[in-house]
Each structure stands twice: as C-alpha cells, then as structure tokens.
Amino acid sequence: MSFKNVGLQYLRQALNNPEADFREGQWEAIEALVVRKAHLLLVQRTGWGKSLVYFIATRFLRESGHGPTLLVSPLLSLMRNQIEMSSRLGINAQTINSSNSKDWEAVYAQLQEDKVDVLFISPERFANEEFLQRVMPVLSKGNGLFAVDEAHCISDWGHDFRPDYMRIGRMLKEFPTGSPVLAVTATANDRVVEDIVSQIGPSLEVIRGPLHRDSIRLQNIPLPSQAERMAWLSEMLPILPGSGVIYTLTVKDSDRVANWLRYKGHNVQSYHAGLNDHEADRPILEQKLLGNDVKALVATVALGMGFDKPDLGFVIHFQRPPSLVHYYQQIGRAGRAMDAAYGVLLTGKEDDDIADYFLRTALPPDESIIETLSELESAEDGYSEPELMNRLNIRKSMLDKILKVTTILSPAPVVKRDGRYYRTATKWEPDGEKFKRLTELRLQEQACIQRYARSSECLMELIERELNDPYATRCGVCANCVGKPLLSDSPKKETVMEAIEFLRRCDDPITPRKMWPAAISQTHEGFKGKISAEMQANEGRALCFWGDAGWGEMVRRGKLSDGHFSDDLVTAMEEMIRLRWKPEPFPTWITCVPSLTKPQLVPDFAERLAVKLGLPFSQCVVKRMATDHQKRMENSHFQLKNVLDTFEIATEKVLQGPVLLVDDMVDSGWTFTVISRLLRLAGADSVLPAALARVIGD
Amino acid sequence: METISMDAKATLLLVSRLRQKDSGEAAILTPTEFDTLLAWMDSHSLSLSDLLNADTLTSGLDDHPEKERVESLMSRRLSLSAALESWRSQAIGVLCAKDSAYPVKWLEKLKRTPPIVFYAGNIDLRNRGGVAIAGSRNIDGNAEDFTRKLAKTCAELGFQVISGGAKGVDQIALASSLENGGTAIAVLADSLSKVSLMSTYREYLRDGSLLLLSPYDPEAHFMVGNAMARNKLIYSLADFAVVVSAETNSGGTWAGATENMKNGWAPLYVRSSDNSKAGNKELVALGATPLDEANAEDKDYVYSLWKQSALKACDIQETHQPNDQQILPLF
Ligand SMILES: [Zn+2]
Numbered sequence: 001m002s003f004k005n006v007g008l009q010y011l012r013q014a015l016n017n018p019e020a021d022f023r024e025g026q027w028e029a030i031e032a033l034v035v036r037k038a039h040l041l042l043v044q045r046t047g048w049g050k051s052l053v054y055f056i057a058t059r060f061l062r063e064s065g066h067g068p069t070l071l072v073s074p075l076l077s078l079m080r081n082q083i084e085m086s087s088r089l090g091i092n093a094q095t096i097n098s099s100n101s102k103d104w105e106a107v108y109a110q111l112q113e114d115k116v117d118v119l120f121i122s123p124e125r126f127a128n129e130e131f132l133q134r135v136m137p138v139l140s141k142g143n144g145l146f147a148v149d150e151a152h153c154i155s156d157w158g159h160d161f162r163p164d165y166m167r168i169g170r171m172l173k174e175f176p177t178g179s180p181v182l183a184v185t186a187t188a189n190d191r192v193v194e195d196i197v198s199q200i201g202p203s204l205e206v207i208r209g210p211l212h213r214d215s216i217r218l219q220n221i222p223l224p225s226q227a228e229r230m231a232w233l234s235e236m237l238p239i240l241p242g243s244g245v246i247y248t249l250t251v252k253d254s255d256r257v258a259n260w261l262r263y264k265g266h267n268v269q270s271y272h273a274g275l276n277d278h279e280a281d282r283p284i285l286e287q288k289l290l291g292n293d294v295k296a297l298v299a300t301v302a303l304g305m306g307f308d309k310p311d312l313g314f315v316i317h318f319q320r321p322p323s324l325v326h327y328y329q330q331i332g333r334a335g336r337a338m339d340a341a342y343g344v345l346l347t348g349k350e351d352d353d354i355a356d357y358f359l360r361t362a363l364p365p366d367e368s369i370i371e372t373l374s375e376l377e378s379a380e381d382g383y384s385e386p387e388l389m390n391r392l393n394i395r396k397s398m399l400d401k402i403l404k405v406t407t408i409l410s411p412a413p414v415v416k417r418d419g420r421y422y423r424t425a426t427k428w429e430p431d432g433e434k435f436k437r438l439t440e441l442r443l444q445e446q447a448c449i450q451r452y453a454r455s456s457e458c459l460m461e462l463i464e465r466e467l468n469d470p471y472a473t474r475c476g477v478c479a480n481c482v483g484k485p486l487l488s489d490s491p492k493k494e495t496v497m498e499a500i501e502f503l504r505r506c507d508d509p510i511t512p513r514k515m516w517p518a519a520i521s522q523t524h525e526g527f528k529g530k531i532s533a534e535m536q537a538n539e540g541r542a543l544c545f546w547g548d549a550g551w552g553e554m555v556r557r558g559k560l561s562d563g564h565f566s567d568d569l570v571t572a573m574e575e576m577i578r579l580r581w582k583p584e585p586f587p588t589w590i591t592c593v594p595s596l597t598k599p600q601l602v603p604d605f606a607e608r609l610a611v612k613l614g615l616p617f618s619q620c621v622v623k624r625m626a627t628d629h630q631k632r633m634e635n636s637h638f639q640l641k642n643v644l645d646t647f648e649i650a651t652e653k654v655l656q657g658p659v660l661l662v663d664d665m666v667d668s669g670w671t672f673t674v675i676s677r678l679l680r681l682a683g684a685d686s687v688l689p690a691a692l693a694r695v696i697g698d
Numbered sequence: 001m002e003t004i005s006m007d008a009k010a011t012l013l014l015v016s017r018l019r020q021k022d023s024g025e026a027a028i029l030t031p032t033e034f035d036t037l038l039a040w041m042d043s044h045s046l047s048l049s050d051l052l053n054a055d056t057l058t059s060g061l062d063d064h065p066e067k068e069r070v071e072s073l074m075s076r077r078l079s080l081s082a083a084l085e086s087w088r089s090q091a092i093g094v095l096c097a098k099d100s101a102y103p104v105k106w107l108e109k110l111k112r113t114p115p116i117v118f119y120a121g122n123i124d125l126r127n128r129g130g131v132a133i134a135g136s137r138n139i140d141g142n143a144e145d146f147t148r149k150l151a152k153t154c155a156e157l158g159f160q161v162i163s164g165g166a167k168g169v170d171q172i173a174l175a176s177s178l179e180n181g182g183t184a185i186a187v188l189a190d191s192l193s194k195v196s197l198m199s200t201y202r203e204y205l206r207d208g209s210l211l212l213l214s215p216y217d218p219e220a221h222f223m224v225g226n227a228m229a230r231n232k233l234i235y236s237l238a239d240f241a242v243v244v245s246a247e248t249n250s251g252g253t254w255a256g257a258t259e260n261m262k263n264g265w266a267p268l269y270v271r272s273s274d275n276s277k278a279g280n281k282e283l284v285a286l287g288a289t290p291l292d293e294a295n296a297e298d299k300d301y302v303y304s305l306w307k308q309s310a311l312k313a314c315d316i317q318e319t320h321q322p323n324d325q326q327i328l329p330l331f
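Going down the list, the sequences are from chains A and B. Sequential numbering of the first sequence, starting at 1, is according to the working numbering. Sequential numbering of the second sequence, starting at 1, is according to the working numbering.
Since the hints were derived computationally from the structure, they do not count as laboratory data. Worth double-checking, as some hints may not be accurate.
Claimed, not checked - Taking CB as the label site, the calculated pair distances span:
1. Pro509/A - Glu179/B: 56 to 66 Å
2. Glu179/B - Met535/A: 47 to 57 Å
3. Gln450/A - Glu179/B: 36 to 46 Å
4. Gly181/B - Lys396/A: 49 to 59 Å
5. His221/B - Lys396/A: 52 to 62 Å
6. Glu179/B - Gly419/A: 28 to 38 Å
7. His221/B - Pro386/A: 25 to 35 Å
8. Glu33/B - Gly291/A: 49 to 59 Å
9. Gly181/B - Glu113/A: 55 to 65 Å
10. His221/B - Gly419/A: 14 to 24 Å
11. Glu113/A - Ser43/B: 32 to 42 Å
12. Pro430/A - Ser250/B: 48 to 58 Å
13. Ala362/A - Glu33/B: 49 to 59 Å
Each residue gets a CB set at the ideal place from its N, CA and C atoms; glycine is no exception.
Just need the whole structure built from these sequences, with the hints factored in.
Below is the structure:
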C-alpha cells in the first residue's frame, strides 16, 4: 500500500467513516511533517481538521520510532472528539495542566513507560521547574513532533497576545532542523503571519486555506441598554437552533445575564475565569455544552480557543468584542456540522467604555514597571510577591502583569527564582514607540469592528477581507445579503421592563474583610493577622453596580449631577433591606460614613432611609482629615493605610443595638472595615454595611 | 547576547544535562569521551554540526561503537531549546571551544579545555590577562587587608583581577578591584545562575567591568572536585598569580598553586610576612617567589611583577603571536 493510502486508512479510521477523504492541504501537511520533518505554519479555518493532521502525523512518527508529540494548547481539557479520534487511531493522548494536577503522577508514569503518544500542555508549563525536570527529559527523547495550537498568540500583533507564547516562539526559533514542528491557527492576518515567520525564522513554511464558513448566518443588532439586550436574549433563545454560547466582556455581566436567563426559565450557566477556585468546574460546563445539556453558556473569553463543538448552534455577543479577529475566532466555532447556525453581534452603549478600560489596562504603564524595577533593584536578596505588594502602590492584578511581562522578556530584567523575584543586570527601557504602535493598532481594530457593526455590506466577506483571506467572497446568507433581519431586532416592551425590574433587584453582597494586610502592622501597631470576630463587620449589601441599567444610572446621576440621591433610591434601598436582604440581627439604628467633600450627600440619604425604616439616625462617625479618593489608591495596603487614620467615633452618639452603616459607594471595603471596628470598640454589638453602588475595577 | 552557534548546540547536546537532573537513558559524555568522539569524527571527516542533521547523524555514525548513545543524546532537542531559552532569559551565554569568543588562553595553555563554557557579563574581558589572586575562605585580618590593597593596586594599574569567586580571598579581591574601577573575572565552580543575580555584582555586570565564567551547568551545586578542577582555568587566564594564604598539603589553594607551578601556567608569587601561614613558606620552598606583604600598595613594585611575567611569557612562547583581541594594560 502506498504511503498516502496508509494515511487515508488512518483518516477513515479516525473519523470512523470509510468514505472520508483528505481535505485540501491535510495530506500535504502530514507528509511534510513525517517525511521532511518540516517546520509548518497552517492557517486554516476552525473545523478544517487540524487535529487530524497532528494525530495522523503522530501515528506515522510513532511507528517509525519517534518520541511522543508535544502539543501546546491553551485548552484546559481535551475535546471529546479529540479523545474519540485519538482512541480510534490507537493513540494515547494525555494532558497536563493546572486543572488536572491529581492526574499528573499517572501521566508521568505513562510517559516513563513511553505509553503516551500525544501530550497536551498549556504554554505556561515551560516556566514550571517540575515540568522541566520530570517531563522534558522523557518528551525530549526521540525527536517527536512539537506542535503549537493557536499559534497567532506568538505574535504581539495578534488579537490575543499571551506572554507565555513569547517563550514558545523563542523555543521554536532555537529548534534545530531535522525535528518536525507544526504551528496552527484559524485566525491570523498577513501581519500576524509575517510576524510569526520573522520570529521563528525562514525555515517556517506557511500553508494558508480559505476561512469561509457557509453555514454561519451573521446579523448585527444595536440595542443600547443592557435591559433591551437581556430581553432580546430571553425572547430569542427558544428560537435559536441547538445550544450555543453567549459572550459577555466582563465576569459580572456573565453572571448577571446568566441569572436573568435562568430567572426567565432558560437552562443556561455562566462560564468565566472567576470560576478558577473550582477550575474543575470549567471542563464540566464545557461537557454540558458539548452534550447539549444546557441551552447556552454565558461566557467570557475564558471559554476559549480550541473549544470544539461541531453542532454549536449559535454564538451571540452581548457586547462588542475588541476586534473583528476576536469576533471571527469566537463565531468561527459555530455551525460546522450544521446547515445553519447564527452569529449575532449585539452592541450596547457601554461598549466604548469597556473597550477603553481594556485598552488602558492591557499593558502595564511604564511608570509602574519602572517603580517595580527600582524597588527590586534595592532588594538585598530579591522580594516575594507579597513583599513587593507591601512596598508598591500597585493593584495586585497589575503587579501580576508587570511580573509576567518583565520575566518573560529575553534577556529578562527580572528573574524568578525559588519564589522570589530578582532584578537582573539586564537593562530595561520603556519601548514607547512599540507601545504607541500597539495602541494605534488596537484603536484601528476597534474602529474596524465598529464599522462592521454598522455595515450594510456582506458581513462574512468583510470579516474575511480583514483576515486577508485571498478567497473572500459574498456569503449570500447574512442579514445584509438577504436584505432583511434573520432574527427579530426589537424585543417586546414588557420583557424590557421585566429586565429592568430584574436588574433593580440585583443587589450584591459585601463580604466583610477578615484579615489585615501583612504590611499594615509595620506602620500601625495591633493591626496584624486576623481581624477578631468582635471587631468585624457583618455581611453587607450593595444596591447595584455603578452606572448599570437597574439603579446604577440613577446613583450616578445623584452623585455626579444632582448632588442628591432621589427618594426612589431611598425606597429601593428600604425594599432591598426589608424584602430581600432581611439581615439577622436587624438593625435598630442607622449611621453613615462622613465625607468632607460632599458633607450632606450621604447623611441626607441615610436620614431619609432611617425615616422610611422607622429607625433613629445618629451621625456618630467623624472624619478627622481629608483622604485621597479610594479609587486612586491602587492596592489594598495603601487603601487601608489611607483610611486607618481618618475616622473617629463620637462615643456619646453611639446608640444601643445593631447598627446599619450607610455609604454611597463600596470599592475596596476598607472604609467599612475600619469604621465597623471603631463602632464595635465604641460598644455597637454588630455593624451591617450598606452601599448604594459597587464600583468595579476589573 | 549573541546567538548560540550550531557547534555549541551540538556540544551541549553531547556534554550537558541541559538543566536536568539526568540526561535520560544515555549518560552525557565526559570531557575525555567528548575529545575521543571529536577525534573519531575528525578521522571520518564529520563536523560537530553534522550531528544536528538527522541524516548525517544516522549514516555518519554507522560504524561508531557508541552510535546509539550519541543518537540518544542528540535527540534531546526539546530539552535543548528549553534550556537555551532559560539561559538566554537570564542573560547567560554559552560558548564551545570552536567559538571565536572562547577564551584563547585556555586553548593556548591547557592540554584539555572545557568543551562548554557558560558566562554572564562582559565576554570581551576574557583575553585581557590580569592577576590571579588565590587564597582560602577563612583568613585573618592581615590577609584580608593585603588582598584588598593588592586588588586596589591592580585596579589602579589597569590590571584585571581574576579569582574563583568563592567566599574569603576570592570575593574580597573581586570587590576591591571593582570598587576601585578595575575589571575582574570570576571563574565559578557552581551556581552561575545564582551568582549572576547577586545584588553586589549587578552594576558591574551592567557596566561591563565583570565577567563570570563557568565550565559547569549554571544551576550546578558546589562540588569539591569541580572547585579543584577549575583552578587551572583561573591560573591560565592570568599573567601572574598571587597566593594570599595556603595550608600545606590541604585545600584548594595549595592544590591549585602547586598544580600551577608544575604546569607553568602563570608565574607564582606568595604573600610573605611574619604571620603568614606555613603553607605560604612551603610554596616558596617549592619555587614560588615571595611577595612582601608591605608591597601590596606599591604600584611600581606590582607593575614590575607584571613586566617580569610578561617578559618571561615572551621567552617561553616566542612563537606565540600576541592575539589582536588582547588588550595590554598601560601601553
Ligand atoms: Zn453575506
């Protein structure tokens, strides 16, 4: 049998289909890897069958005595069809990542016995010493295939640059010829392809196929308020085919939209990185979607690349993604094995704000990097991350980014060693030019997807052109080609009203702080370790999120333009307390957080609330000096230092019984924590914090 | 950081654990085995980089007795690229004996040279010569004082200081030279990664006045054998050497100094004073030249030592042409 016929037999075996034939380019890629040990970059649409290429290539390579295939992928778990495909081919595929640490020993053992044929790993494994020590020597034997999924992440021009992929790019560059390398992506325009080739070197051959997906029907619907979009989703879900994904930009929105849809009786779940505490839940949710056990997952980008469900019926965007390439990547998963699937882009009035926020926080500002480096420069023996936190006024999420970016550069200005960060001799200077070019590029990408959202041309063709697809053509099935909406573009008024009501009931618990940050004890004696139960606040509540479509807009207006919170908010707060929160013990009196800048705003509101609740009001908390705005205090240590010295209690004004402590906004929660402690010291037997709005940073 | 040559990559695959505890089924080649393989390849018209090519590797080694072992070592491509990635990010360079940046004096003076050398800092210092300063870890105040003064004098004369980078004499000599504007080389027996992160060396690595060299894996721990074996790498880089204190018949200083006298790598001077150790006197008895402790700050005197050794070197190696990369102090 000819070599290609053996390959064809494997293909049919893998697909469990005796009639199957290679798609254009598949066999050529397999042959190049197996025979020439080529270095390949494949740009092929989702569903083209790139897994077949690395599985069949692995089968051939293993037969001729090569070592196992290493596949770098950001996915947390293997997709069911990958598992089925590999088992039909007689290939043992295993994965090692942060979510399956309990399986690692078993995988190591199989690797030792050379029983693993394909090992999937996440890109950050290469920074892990245990992985390097235990897995690399085994994997390294016998010139196996080195494959990289979602290779567009290597380019910082890409829409989805991930620092850990920089390391992969450099490793590929050092990879000697004579060992097969396969990089694959479904979303890379010319600029990204050129960048990858320039990083890895001219030995990389590029194979590019058409990106067109005939089964996806595209439509754009502008619906400014969240309530309208929530109403639309609730009305359309039953009409949409099969099960699908609803993408939101933030974790809070993912939870809220999912809650709303469940409230309306839909079978949906939220999926985001905030579920990290139970990371094992994410694969379970993915399995539910794969098995059509949910109508939809309401997900952030955490439901990511490589998620592979051939019968995904729809991908709806609740908000506008940052670029058309992101958009294509996310809708590209829909409808591969279906005649018709929907890709609907809903756009809202918050889109620009969120886009700006992501743009501002995507890269750490140079000043923060400089500050971090100079702190490390002065360290005798490096610093751990908590030690750095104590010394820097930088939010933890930002410090994480700074440490990631500075340690991933090569040579690196910062090196991590045994859990401590060290400044190296390598100089670092801000690359202002590059920063500017990247920011400009991101703005162009935003403008491009804004144009897409308003376009009257064929939507699929527009996307394909943006991705430099040489085969771009009119799709004939999108709302613009058809000339009328595919799905209704205006939800019923009643449903919208119901969504507004729902949002108005979306109050958010305020979890009391239980620990003082480590650094505080250095400046404030007695503030060390656990906050004793007698000094803690009880759990509190925030009425809404700042600026949201429920009460948030009204709170914003009250604070920023009217200088007065309306009676509607008083009623809303009273209802929240009496009907939904129902705190135990119930407060017997009310006080509030004072402010020097707007001395009447909060006391006036708290007094009216007291009247409404029929409780006495006593302004016993006094502010000693002006504080910097909490929002400018980047990390919790500095926020706390700022408020610790600010307040005191007029003891004679403290009344008997549990007290409701009212403020307009809650951010870090330190103001509530500090005042609660003072009130408890002054004799209050429990303190219940209540805020009008929660401010969200990320 | 320069790119790492194909020869260096091939050499690493053969002789380095590549940051790992072991190299898998096949043991890495010892320096002797490496030399033997090189000689064998020479006689079969194969070059090191031929081993990186899968075809020449298979066909070329056909009648080599350890073909499988070599193939197994050479297959560690993934470990190699991960190790190179790690070293590069720490600004650690790698050289093999064929690279032009490999220290010339080792090739000239030593019978067997390390197949691989790792470095951090300014590699241009490697061929500059200088004064090797050696001594034990635990020294008294006088010895410490002498070391500091001598290194300072060297710095002021533009003589580079070369030491082993260990605690005691080594580190005092390095610090004193660097603090006084001199340049220095430390040839480390272990922990290059860790030492390159030390806050005391950072600014000197940055401004180009310090070079850290090590023939051992940058993550290697201290081993007495390695410390002994690197003595010759220190002496052979130097124009002359000064022993601050040595114990008779024991310790690295004694071993290094006597080995040096036997092989004539660098003219040897020994600190002499009323309270210097018996070992110092023994070294003089064996033929080393005494250096009066009081002369450590005497520039003319130290300069004259350099001049004598430079002349002696010319006598011994008349045929040797001065290397164009060699920067002669003062002239
Ligand atoms: Zn169309």
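Hints versus structure:
1. Take proline 509/A and glutamate 179/B: their Cβ atoms lie about 59 Å apart, and the range 56 to 66 Å holds.
2. About 52 Å separates the C-beta atoms of glutamate 179/B and methionine 535/A, a value consistent with the hinted range of 47 to 57 Å.
3. At roughly 60 Å, the beta-carbon separation of glutamine 450/A and glutamate 179/B lies outside the given 36 to 46 Å, and the hint is violated.
4. A hinted range of 49 to 59 Å for the beta carbons of glycine 181/B and lysine 396/A is inconsistent with their spacing of about 42 Å.
5. About 34 Å separates the C-beta atoms of histidine 221/B and lysine 396/A, a value inconsistent with the hinted range of 52 to 62 Å.
6. Checked against the given bound of 28 to 38 Å, the beta carbons of glutamate 179/B and glycine 419/A, roughly 31 Å apart, stay inside it.
7. Between histidine 221/B and proline 386/A the Cβ separation comes to about 28 Å, which falls inside the hinted range of 25 to 35 Å.
8. For the pair glutamate 33/B and glycine 291/A, the beta carbons lie near 58 Å from each other, so the given range of 49 to 59 Å is met.
9. Checked against the hint of 55 to 65 Å, the pair glycine 181/B and glutamate 113/A passes, with Cβ atoms roughly 59 Å apart.
10. A hinted range of 14 to 24 Å holds for the C-beta pair histidine 221/B and glycine 419/A, which are about 19 Å apart.
11. A beta carbon spacing of about 39 Å between glutamate 113/A and serine 43/B agrees with the range 32 to 42 Å that was offered as a hint.
12. At about 54 Å, the CB distance of proline 430/A to serine 250/B agrees with the hint of 48 to 58 Å.
13. Restraint check, alanine 362/A to glutamate 33/B: a C-beta distance of roughly 52 Å satisfies the suggested window 49 to 59 Å.
Figure legend: structure checked against the earlier numbered hints; hints not met, in rising order: 3, 4 and 5.
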